[in-house]
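So you can see what is in the structure, the chains are spelled out below.
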Amino acid sequence: MAETTVTPGRPTRSGNGGRGSPRPVRQGLSERALGKVFVSPSIILMAMVALFPVLYAFVLSLYLYTRRQPIGFGGIDNYVRALTDSRFWDSIQFTFIFTVTSVTAEFLIGLGFALLMNQAFRGRGVTRAAILIPWVIPTVIAAQMWFFMFNVTPGFINSVLGLGNFNWLGQSGWATFTVVFADVWKTAPFVALLLLAGLQTIPNDVYESARVDGAGMFARFWYVTLPLLKPAILVALLFRTVDALRVYDLPQVMTRGAFGTESLSMLVQQYVVRTPNPGYGAALSTLTFIVVLGIGIIFVRLLGRDLVIGSGVEGGRR
Amino acid sequence: MKSYKSWLASGGVLALLAVAACTPGTGDDEDGEMVWAIGGSEAQPGGIHQRIAEMWSEQNPDNPIRIEVLPEAADQQREQQALELQAGGSGFDVLGVDVIWTGEYSENDWLESLEDVRAEIEAVTLPGPFESATWGGELWAAPYNSNAGFLYYRTDLVDTPPTTWEEMCEVATSAAEEEGIAGFVGQGARYEGFVVNWLEYYWSNGGELYNEDQTQVTFDTAAAAEVTEFMNENLDTCFAPGFNTAQEEEARNEFQGGNAVFMRNWPYAYALIEDDEGSPANGNFDVAPLPTFTGDGTISALGGFNNAVSAFSNNTEAAKDFVVWAATNEEVQTMLATEASLPPTMASVYDDPALAGDPVMALLGDVLGDARARPPSPAWNEISVEMQNNLFPAYNGDADINTAVENVRTFLEGTID
Numbered sequence: 002m003a004e005t006t007v008t009p010g011r012p013t014r015s016g017n018g019g020r021g022s023p024r025p026v027r028q029g030l031s032e033r034a035l036g037k038v039f040v041s042p043s044i045i046l047m048a049m050v051a052l053f054p055v056l057y058a059f060v061l062s063l064y065l066y067t068r069r070q071p072i073g074f075g076g077i078d079n080y081v082r083a084l085t086d087s088r089f090w091d092s093i094q095f096t097f098i099f100t101v102t103s104v105t106a107e108f109l110i111g112l113g114f115a116l117l118m119n120q121a122f123r124g125r126g127v128t129r130a131a132i133l134i135p136w137v138i139p140t141v142i143a144a145q146m147w148f149f150m151f152n153v154t155p156g157f158i159n160s161v162l163g164l165g166n167f168n169w170l171g172q173s174g175w176a177t178f179t180v181v182f183a184d185v186w187k188t189a190p191f192v193a194l195l196l197l198a199g200l201q202t203i204p205n206d207v208y209e210s211a212r213v214d215g216a217g218m219f220a221r222f223w224y225v226t227l228p229l230l231k232p233a234i235l236v237a238l239l240f241r242t243v244d245a246l247r248v249y250d251l252p253q254v255m256t257r258g259a260f261g262t263e264s265l266s267m268l269v270q271q272y273v274v275r276t277p278n279p280g281y282g283a284a285l286s287t288l289t290f291i292v293v294l295g296i297g298i299i300f301v302r303l304l305g306r307d308l309v310i311g312s313g314v315e316g317g318r319r
Numbered sequence: 003m004k005s006y007k008s009w010l011a012s013g014g015v016l017a018l019l020a021v022a023a024c025t026p027g028t029g030d031d032e033d034g035e036m037v038w039a040i041g042g043s044e045a046q047p048g049g050i051h052q053r054i055a056e057m058w059s060e061q062n063p064d065n066p067i068r069i070e071v072l073p074e075a076a077d078q079q080r081e082q083q084a085l086e087l088q089a090g091g092s093g094f095d096v097l098g099v100d101v102i103w104t105g106e107y108s109e110n111d112w113l114e115s116l117e118d119v120r121a122e123i124e125a126v127t128l129p130g131p132f133e134s135a136t137w138g139g140e141l142w143a144a145p146y147n148s149n150a151g152f153l154y155y156r157t158d159l160v161d162t163p164p165t166t167w168e169e170m171c172e173v174a175t176s177a178a179e180e181e182g183i184a185g186f187v188g189q190g191a192r193y194e195g196f197v198v199n200w201l202e203y204y205w206s207n208g209g210e211l212y213n214e215d216q217t218q219v220t221f222d223t224a225a226a227a228e229v230t231e232f233m234n235e236n237l238d239t240c241f242a243p244g245f246n247t248a249q250e251e252e253a254r255n256e257f258q259g260g261n262a263v264f265m266r267n268w269p270y271a272y273a274l275i276e277d278d279e280g281s282p283a284n285g286n287f288d289v290a291p292l293p294t295f296t297g298d299g300t301i302s303a304l305g306g307f308n309n310a311v312s313a314f315s316n317n318t319e320a321a322k323d324f325v326v327w328a329a330t331n332e333e334v335q336t337m338l339a340t341e342a343s344l345p346p347t348m349a350s351v352y353d354d355p356a357l358a359g360d361p362v363m364a365l366l367g368d369v370l371g372d373a374r375a376r377p378p379s380p381a382w383n384e385i386s387v388e389m390q391n392n393l394f395p396a397y398n399g400d401a402d403i404n405t406a407v408e409n410v411r412t413f414l415e416g417t418i419d
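Residue numbers (the numbering used here), protein chains in the order written: chain Y, 2 to 319; chain Z, 3 to 419.
Hint data in this document are derived by calculation from the structure and do not stem from the laboratory. Any given hint could be a false lead.
Chain Z stretches covered by chain Y per the calculated footprint, using a threshold of three residues with CB under 8 Å from any CB of chain Y [as the list claims (entries may be wrong)]:
{"#": "1", "stretch": "277 to 285"}
{"#": "2", "stretch": "342 to 348"}
Computed beta-carbon distance windows for the label pairs [to be verified]:
{"#": "3", "chain 1": "Y", "residue 1": "Leu117", "chain 2": "Z", "residue 2": "Thr412", "range": "52 to 58 Å"}
{"#": "4", "chain 1": "Z", "residue 1": "Gly182", "chain 2": "Y", "residue 2": "Ile299", "range": "51 to 57 Å"}
{"#": "5", "chain 1": "Y", "residue 1": "Thr202", "chain 2": "Z", "residue 2": "Asp77", "range": "44 to 50 Å"}
Where is the CB? At the ideal position from N, CA and C, for every residue including glycine.
If we strip away everything but chain Y, and leave its shape as in the complex, we get (with noise of 0.2 Å):
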């Protein structure tokens, strides 16, 4: 849910600034007042699809129920039995512990798998669609595959590094890692692909400057790839980040929460399907909303500000 109210706010906003351009004044609506009419059937529905569930789980958090009767209104009860819940701050630390990590090993190894793919090279088009085939896997697929392989028997990781029993699930902090490193293996070709195109818009013509002015490989890369590549790097963490914030099905599968591996997604699940509360169930999940809605705005003002930018120099170009 979260993704499709904050991304698409990023087109339209960037479109907005860019074709303000006005034109000679004509009779009736504006050319502005014009768009506004056309935008907003598909405004209206993006209300109704994506804003109201938001306001309903409002709403249906504020009320109180034994598992799935309603008993009266509660005001903030649900939200304080939340806030003052051990389980809800572990969760919290897990989804937040995972999304860093994962996502910076998945912005590292993809920024390198990106540049690799973007060199010419003999076979290149079999190594792209080789990178990308974990990412084409079904997530609970891959999780149940990663549960067979870090599990102490048949054990094939245990069996390859030579480990004997050790017990990969079963502790805590290897726990968090099994999932983790399922993540990144997942999700790295995806934050490949998309640096992949950022880096085929850099043109050539900017390296071969910098060439001329004697700047080295490291100097290229630190100067002239990275600021160019900012923007398809913010939008890649952007949505890694927004992603991993609300991880479910992989800890769901390899560990089902256990060692310290329950996240935010797992304990509004747990309330809405499992034990069914629906008012707590709705406050958590509320919760959840507000922290991935924080996480993606600011993302979203970095990238905004960095589109300027980005587009000061495509104006360069042309």
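Following the hints, position chain Z against chain Y.
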């Protein structure tokens, strides 16, 4: 975030159900056809539930019954039924209800009371399964099939099955060391199966959760701490590596692969190991009642499904007749055992000479009488989650055992009022 998705999905499913309810095929109001919402492999075409439904339909052409196949996983079956019942839909007449859902469903007023046919059912049913169909002293479902845990052991490594858990661990450890394999596998991952395994230790140590009519908490923290301590001490010695991440299938794979001396599992594993030609356990294993801590008798947690009548059914009387028939008809109950290896709930079936040669059914006949139902309280799912959250870290050494059992007791007390 999940919740919005699930609500949207629920909305979608409800819409589909609404559409389905309008299609001519399910005009059950007019022609008296009933719908039996039950899941699992036996609900598929050719499965035993299907054949029982056909048998009823032949005998009762005025009120035939057809099966609405629910998903494989119990949690999802419950969700599907909840969607229909929460909306007051009459799409399901008979509900296949897991033994631990009875209280929740009755609390939501989703079920017809079966008090008026109680005597008929109680007279022929095993006491454990019967208890699992009652809540608040009232009968809400008709027992259908049952389930109980067995101790599987390797006959080539163990002479006589142990009668206490401590003895099992001694035998397991020494036999395992000689063979270079693991001792005992069970269901130790953090999920409902762990609660079942833990309760079997706890009950067999003299512990209880509630008193008879479930109005008072009788949770024995000392007994609970003892069994949690027992699990903690045997982790990585008697208990196989990976015990704390194993569910039914992981445990079966270990035992079937010849990597364990003992296994706690449900009866389903028997046929699978027996049919596996390459298994080192094949031909070298047998089943025994689960040990206890006291050394007396055996206690197993009870599984299985009961049939309940939906409160929103338009064919209440016929549906009631059906669930009583399925619970009390000897032919139906025998079919469950002989054709599908599903443990029947009818006591007399186990005396059938046709079943005496079947080791699984013979043992079930012995242990089901002592099997215990998890309290079918409306709060059972919450209790189970709370027990998982406290006892799982405690037995893994990540939390204090005494605090954990105190927390469980406090939570149980909170479910009374």
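Hints, one by one, checked against the model:
1. 277 to 285: With 0 residues closer than 8 Å to chain Y, the stretch 277 to 285 of chain Z misses the three-residue bar; violated.
2. 342 to 348: It is violated: at least three residues are needed, and the stretch 342 to 348 of chain Z offers just 0 whose Cβ sits closer than 8 Å to chain Y.
3. Y/Leu117 <-> Z/Thr412: 52 to 58 Å: 57 Å, holds
4. Z/Gly182 <-> Y/Ile299: 51 to 57 Å: Because 56 Å falls inside the window, the suggested range holds.
5. Y/Thr202 <-> Z/Asp77: 44 to 50 Å: 47 Å, holds
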